[in-house]
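A.B. asks: Each chain, letter by letter, is given below.
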Amino acid sequence: MQNGNPPDVDDLSIPNEELLYIRIYPDPDALVWDPSTLSHRPNSGCLKDTRGPLSVDLSSKCTPEETQAGCTTARFHVAAVKVGVARRYNCRIVRDPVTEESGEPPNPAHALIFGDHENGSGALRYKSQAKKIALEATVILYGDQLPPH
Amino acid sequence: MTPPAVTTSDFGQTIEARPAMLPSGAHQRSVIKVFAQDGQGVQVFPLWDNTWRTGILEKLSRLGSLQTDWNSYGSPPPSSQSLRRASWFVSSVLSDTAPRPRVVPVADGGILFSWTHRDREVEIQFCSDSTIECLMTSSEDPDGTEKALEVADLMQIDNYFSWLTRK
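As they're listed, the protein sequences go chains A and B.
Terminal number for the first sequence in the numbering used here: 149, no gaps in between.
Terminal number for the second sequence in the numbering used here: 167, no gaps in between.
Careful, some of the hints might be misleading.
Computed from the model, here is a short list of chain A residues facing chain B with C-beta under 8 Å [what the hints assert, rightly or not]: (1) Tyr25; (2) Asp27; (3) Ser39; (4) Asn43; (5) Gly45; (6) Cys46; (7) Lys48; (8) Asp49; (9) Cys71; (10) Arg95; (11) Lys127.
The set of hints was computed from the structure by calculation and includes no laboratory data.
Think of the CB as a built atom: it goes at the ideal place given N, C-alpha and C, for glycine as much as any other residue.
All chains, please: the whole structure from these sequences, using the hints.
C.D. replies: Encoded structure:
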């Protein structure tokens with residue numbers, strides 16, 4: 001375990017077809033219209049984080065509404081991406097359920113996407129991992145602050 | 001160019017507009033509005049013209065009020081360095097004729113600007129540690145070109161817009 005995170009070992013019991021839910025900060029600029037899919041995707045900057053692996057929820061363990069309700073300060077957007085997409089960019093998916101003992105609200109669906117950022121934190125490389133995943137993600141539940149069109 | 005101070009003493013009321021309250025910048029443009037109703041009262045408001053740059057500056061100001069955990073994943077608020085540089089970039093480098101960027105806070109304390117045109121995208125991030133990163137991607141070069149920028153490089157922003165719209 002590093003920095004309180006579980007070991008960076010891909011959990012192959014999570015199938016490639018499973019969806020990963022990600023909360024997206026509710027801002028009109030956080031969503032980008034994709035004319036090829038006729039849907040919004042998250043702005044890739046929303047998945048940029050050098051601090052550590054990316055927090056997500058497993059769709060087999062929760063609904064998009066439950067992921068959205070995981071934040072009570074605002075109604076976030078929820079984006080979804082398949083596990084197989086993250087793996088295609090050499091990321092690892094690890095279960096990381098949050099229990100009551102942690103002092104945080106329990107979340108049995110919580111998981112982490114580990115990447116290969118050069119700082120060794122387990123964060124995703126931006127250009128070759130986070131941005132690629134954002135380009136293939138789709139917003140499936142809207143929150144506040146929608147874009148004008 | 002900073003507009004001159006405006007003082008009016010009409011109708012027995014003196015209100016001074018303070019140009020120093022405006023952000024400085026080569027493309028700065030202020031609008032002096034004078035309102036009078038029934039010959040009573042004068043108010044002078046030095047305002048930024050209502051352009052997209054005004055909206056972005058207001059947004060950056062709002063982002064400065066974000067608290068820790070603003071994104072629900074424990075993130076720190078945007079750093080003062082990233083906000084200061086981003087505001088300077090909008091007020092002093094970008095012009096009203098430039099395309100409007102998308103502006104989002106980044107989870108590790110930076111501010112990301114992005115412009116998309118067809119299959120091309122330019123991103124400029126003002127990082128929390130004061131560095132500036134640029135990424136240019138296109139369908140011809142999906143892996144993109146990444147580079148660190150100096151402040152002086154930002155003065156060539158029109159070159160990035162030219163690349164973005166080049167056929």
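A.B. asks: Give a verdict on every hint.
C.D. replies: Going down the list of hints, with the structure as the test:
no., hint, verdict
1, Tyr25, "5 Å, holds"
2, Asp27, "6 Å, holds"
3, Ser39, "15 Å, violated"
4, Asn43, "5 Å, holds"
5, Gly45, "4 Å, holds"
6, Cys46, "6 Å, holds"
7, Lys48, "5 Å, holds"
8, Asp49, "4 Å, holds"
9, Cys71, "3 Å, holds"
10, Arg95, "17 Å, violated"
11, Lys127, "6 Å, holds"
Comparing the model with each earlier hint shows violations of hints 3, 10; every other hint is respected.
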